[in-house]
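Okay, here's what each chain looks like letter by letter:
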Amino acid sequence: MVNSILPLTLKDAIVKKRGKVIVGPVTTKIGVKGFTIVIGPNGSGKTSLLRLMHGMERPREGMVTWQCSDAEAKTRQTFVFQAPIVMRRSVVDNIAYPLLVKGIPKAKALQEATRSAQAIGLGNALHLEANYLSGGERQKLAIARALITEPDVLFLDEPTTNLDGGAMKEIEDVLQSAFKSGTRIVMATHDFGQARRLATDVLFLYRGKLHETGAAKTFFKLPKSFEAQAFLRGDIVE
Amino acid sequence: MTDFWQGILEAFWLVASGDAGLFEIVLRSLQVTLSAVVIASLIGLPFGAWLSVNRFRYRRTAIALLNALMGLPPVVVGLFVYIMLSRSGPFGVLDLLYTPTAMIIAQVIIITPLIASIAHQAIRDLWAEYHDLLISLNTTKWQRMRTLIWDSRRSLLTATLAGFGRAIGEVGAIMIVGGNIDHATRVLTTAIALETGKGDFAMALGLGFILIALAIAVNMAIHSISQTERTSTW
Ligand SMILES: Nc1ncnc2c1ncn2[C@@H]1O[C@H](COP(=O)(O)OP(=O)(O)O)[C@@H](O)[C@H]1O
Ligand SMILES: [Mg+2]
Chain A
1 MVNSILPLTL
11 KDAIVKKRGK
21 VIVGPVTTKI
31 GVKGFTIVIG
41 PNGSGKTSLL
51 RLMHGMERPR
61 EGMVTWQCSD
71 AEAKTRQTFV
81 FQAPIVMRRS
91 VVDNIAYPLL
101 VKGIPKAKAL
111 QEATRSAQAI
121 GLGNALHLEA
131 NYLSGGERQK
141 LAIARALITE
151 PDVLFLDEPT
161 TNLDGGAMKE
171 IEDVLQSAFK
181 SGTRIVMATH
191 DFGQARRLAT
201 DVLFLYRGKL
211 HETGAAKTFF
221 KLPKSFEAQA
231 FLRGDIVE
Chain B
239 MTDFWQGILE
249 AFWLVASGDA
259 GLFEIVLRSL
269 QVTLSAVVIA
279 SLIGLPFGAW
289 LSVNRFRYRR
299 TAIALLNALM
309 GLPPVVVGLF
319 VYIMLSRSGP
329 FGVLDLLYTP
339 TAMIIAQVII
349 ITPLIASIAH
359 QAIRDLWAEY
369 HDLLISLNTT
379 KWQRMRTLIW
389 DSRRSLLTAT
399 LAGFGRAIGE
409 VGAIMIVGGN
419 IDHATRVLTT
429 AIALETGKGD
439 FAMALGLGFI
449 LIALAIAVNM
459 AIHSISQTER
469 TSTW
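The listed protein sequences derive, respectively, from chains A and B. Here my numbering is used: the first residue of the first sequence is 1, the next is one more, and so on. Here my numbering is used: the first residue of the second sequence is 239, the next is one more, and so on.
What the hints contain is simulated information worked out from the structure, not anything from laboratory work. Virtual Cβ for every residue (Gly too), placed ideally from N, Cα, C. Treat the hints with care, since some could be wrong.
[Stated by the list, open to error] Listed next, the in silico DSBU-like pairs over lysine-lysine satisfying Cα-Cα at most 30 Å (straight line): (1) A:K102 to A:K33; (2) A:K11 to A:K224; (3) B:K436 to A:K102; (4) A:K17 to B:K436; (5) A:K224 to A:K106; (6) A:K29 to A:K17; (7) B:K436 to A:K106; (8) A:K102 to A:K29; (9) B:K436 to A:K108; (10) A:K224 to A:K16; (11) A:K16 to B:K379; (12) A:K209 to A:K224; (13) A:K20 to A:K33; (14) A:K180 to A:K102; (15) A:K106 to A:K20; (16) A:K169 to A:K29; (17) A:K224 to A:K20; (18) A:K74 to B:K436.
[Unchecked claim] In silico contact screen, one side only, chain A against chain B (beta carbon under 8 Å); selected entries: (19) K74; (20) Q82; (21) F226.
[What the hints assert, rightly or not] Ranges between beta-carbon positions, derived for each pair: (22) A:Q67 to B:P328: 55 to 63 Å; (23) B:S255 to A:A107: 25 to 33 Å; (24) A:K209 to B:L307: 17 to 25 Å; (25) A:P105 to B:G330: 35 to 43 Å; (26) A:A107 to B:R297: 57 to 65 Å; (27) A:D70 to B:R297: 49 to 57 Å; (28) B:H461 to A:D70: 25 to 33 Å.
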């Protein structure tokens with residue numbers, strides 16, 4: 001691979017909706033390596049922050065910069081949405097789609113998608129209409145589709161929120177192995193247990209502001225901010 | 239009521255006897271209408287997709303206009319095409335008046351807005367569903383349109399069939415630009431109009447039943463083709 005598109009830097013970046021600031025000002029850096037968890041209660045701005053990083057929201061103020069042109073960065077990162085977007089196609093065609101977008105010949109794309117589907121446990125549903133998949137399978141499909149182009153960075157927005165324990169475990173295993181094989185992951189969750197299991201570093205978001213950032217180890221041992229302590233204790237934070 | 243039964247009998251007899259004249263006009267009806275449907279779909283489907291994925295200044299106006307065009311009175315379209323194609327008109331040199339081509343042109347004008355409008359609705363809904371994914375994957379406008387057209391092909395088939403239904407039963411416009419000339423531009427609907435005018439109601443009704451049967455047959459044929467492709471809920 002050529003030079004990494006990372007680190008990603010946000011400098012005083014702000015997302016506004018209808019004149020209201022919903023995220024920011026945020027200043028932080030997503031380093032070359034790691035499994036970053038963006039954690040915070042519902043409505044704290046996790047989705048908006050991830051979309052800002054991914055380029056789907058424009059910063060109203062401030063800057064979001066990659067180590068390359070935005071145009072190039074766009075082609076080397078993917079996003080898994082909270083509610084998986086399933087195309088009206090078969091499982092294998094769904095997974096192959098990003099390769100086709102990149103102009104890879106159909107036969108080769110299908111071959112790779114097949115391999116990827118098998119690896120993620122959708123091997124016996126290859127030619128099934130993706131619409132028939134269960135919630136967990138849909139999310140696996142979305143992840144396989146997001147990984148098929150071997151992105152530098154994979155963003156995930158609460159990928160296990162609507163899943164039961166078993167499906168959650170499977171997804172976490174998939175993400176762990178993607179991480180181990182070198183994919184930079186940035187993932188939002190409001191589940192502390194999950195954050196603890198997966199994170200190498202943490203961005204704690206509360207009411208649109210980053211209250212705390214740093215290595216997961218230190219964060220979980222003793223959060224510095226009052227809000228994070230309360231959240232960690234399981235108090236209801238609003 | 240006697241006319242009704244005689245009509246059924248007439249229809250049966252026309253078909254059973256393998257009437258060459260009937261065969262000719264059925265074939266011409268199909269030829270004119272299917273050509274118009276294919277051309278109108280080639281224009282209307284991409285246009286519907288284009289309208290769905292593009293944001294531009296007068297988009298709402300364009301959609302309102304498109305919906306209004308769905309209700310174009312065929313007779314007026316016929317008159318317009320007639321004027322365009324008549325000897326003294328701008329396209330008079332092409333010598334197309336009173337030919338099947340003129341009829342196809344009129345039908346294309348009538349059904350393209352219908353096909354584009356239904357396609358636009360279907361594709362707009364799918365676009366809402368796919369929006370984030372297709373933006374995130376950095377697709378080009380052209381790729382988006384192709385993906386949306388392909389993935390909504392079931393609904394687009396409905397759009398196309400609606401166009402077919404409107405065109406096969408249309409008489410006002412093709413009567414004007416085709417002239418209902420025997421062995422040249424006579425089709426089922428213009429023949430029905432002629433027989434009705436002559437007072438031969440049984441014959442007119444017979445042709446009417448054949449027209450209906452034809453429309454149903456084409457719909458069913460297309461549906462069964464699309465069903466065998468894949469059985470699913472889409
Ligand atoms: N399009 C929008 N218009 C207005 N407010 C919005 C919009 N999108 C999000 N918000 C608000 O911004 C806040 C953060 O939302 P979000 O980023 O979805 O948080 P999270 O993902 O952490 O639950 C919420 O209070 C939400 O209501
Ligand atoms: Mg969210």
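Results of checking the hints against the structure:
1. Taken as a hint, the K102 of chain A and K33 of chain A pair is honoured in the structure, with Cα atoms around 25 Å apart against an allowance of 30 Å.
2. Under the criterion of a C-alpha separation no larger than 30 Å, the hint pairing K11 of chain A with K224 of chain A is consistent with the structure, at around 22 Å.
3. Using a Cα cut-off of 30 Å, the hinted pair K436 of chain B and K102 of chain A is violated, with the two alpha carbons roughly 64 Å apart.
4. With a CA separation close to 69 Å, the supplied pair K17 of chain A and K436 of chain B exceeds the 30 Å bound.
5. Restraint check: the Cα-Cα separation between K224 of chain A and K106 of chain A comes to about 52 Å, which exceeds 30 Å; the hinted pair is violated.
6. Between K29 of chain A and K17 of chain A the CA atoms are separated by roughly 23 Å; this keeps the pair inside 30 Å, and the hint holds.
7. Of the supplied pair hints, the one linking K436 of chain B and K106 of chain A is violated, its CA atoms being roughly 60 Å apart against a limit of 30 Å.
8. Of the supplied pair hints, the one linking K102 of chain A and K29 of chain A holds, its CA atoms being roughly 28 Å apart against a limit of 30 Å.
9. Using a Cα cut-off of 30 Å, the hinted pair K436 of chain B and K108 of chain A is violated, with the two alpha carbons roughly 66 Å apart.
10. A C-alpha spacing of about 28 Å is found between K224 of chain A and K16 of chain A, which places the hinted pair at or below 30 Å, so the restraint holds.
11. Between the alpha carbons of K16 of chain A and K379 of chain B the distance comes to roughly 26 Å, so the proposed pair stays at or under 30 Å and holds.
12. At roughly 15 Å between alpha-carbon atoms, K209 of chain A and K224 of chain A fall within 30 Å of each other, so this suggested pair holds.
13. Pair hint K20 of chain A plus K33 of chain A does not hold up; C-alpha atoms about 33 Å apart against a cutoff of 30 Å.
14. A hinted pair counts as satisfied when its Cα atoms are at most 30 Å apart, and K180 of chain A with K102 of chain A qualifies at roughly 25 Å.
15. Using a Cα cut-off of 30 Å, the hinted pair K106 of chain A and K20 of chain A is violated, with the two alpha carbons roughly 45 Å apart.
16. For a cut-off of 30 Å, the pair hint linking K169 of chain A to K29 of chain A stands: about 29 Å separates their Cα positions.
17. A hinted pair counts as satisfied when its Cα atoms are at most 30 Å apart, and K224 of chain A with K20 of chain A qualifies at roughly 28 Å.
18. Between K74 of chain A and K436 of chain B the alpha-carbon distance is near 70 Å, which puts this suggested pair outside the 30 Å criterion.
19. Satisfaction of the interface hint for K74 of chain A is found here, the shortest Cβ-Cβ separation to chain B being roughly 5 Å, below the 8 Å cut-off.
20. Interface restraint check: Q82 of chain A against chain B, minimum CB-CB distance 10 Å, threshold 8 Å, status violated.
21. With a cut of 8 Å, the hint placing F226 of chain A at the interface with chain B is violated, because the nearest CB-to-CB distance is about 35 Å.
22. Between Q67 of chain A and P328 of chain B, the C-beta spacing of about 60 Å keeps the proposed range 55 to 63 Å intact.
23. Evaluation of the 25 to 33 Å hint for S255 of chain B and A107 of chain A yields a failure: the beta carbon distance comes to about 54 Å.
24. Checking the proposed 17 to 25 Å range against K209 of chain A and L307 of chain B shows it is violated: the Cβ atoms sit about 52 Å from each other.
25. For P105 of chain A and G330 of chain B, the hinted distance range of 35 to 43 Å is not satisfied, since their beta carbons lie about 50 Å from each other.
26. Distance hint check for A107 of chain A and R297 of chain B: the Cβ-Cβ separation is about 39 Å, which falls outside the suggested range of 57 to 65 Å.
27. In this structure, D70 of chain A and R297 of chain B break the distance hint of 49 to 57 Å, their C-beta atoms being roughly 27 Å apart.
28. For H461 of chain B and D70 of chain A, the hinted distance range of 25 to 33 Å is not satisfied, since their beta carbons lie about 47 Å from each other.
Checked against the numbered hints given earlier, the structure breaks hints 3, 4, 5, 7, 9, 13, 15, 18, 20, 21, 23, 24, 25, 26, 27, 28 and satisfies all the rest.
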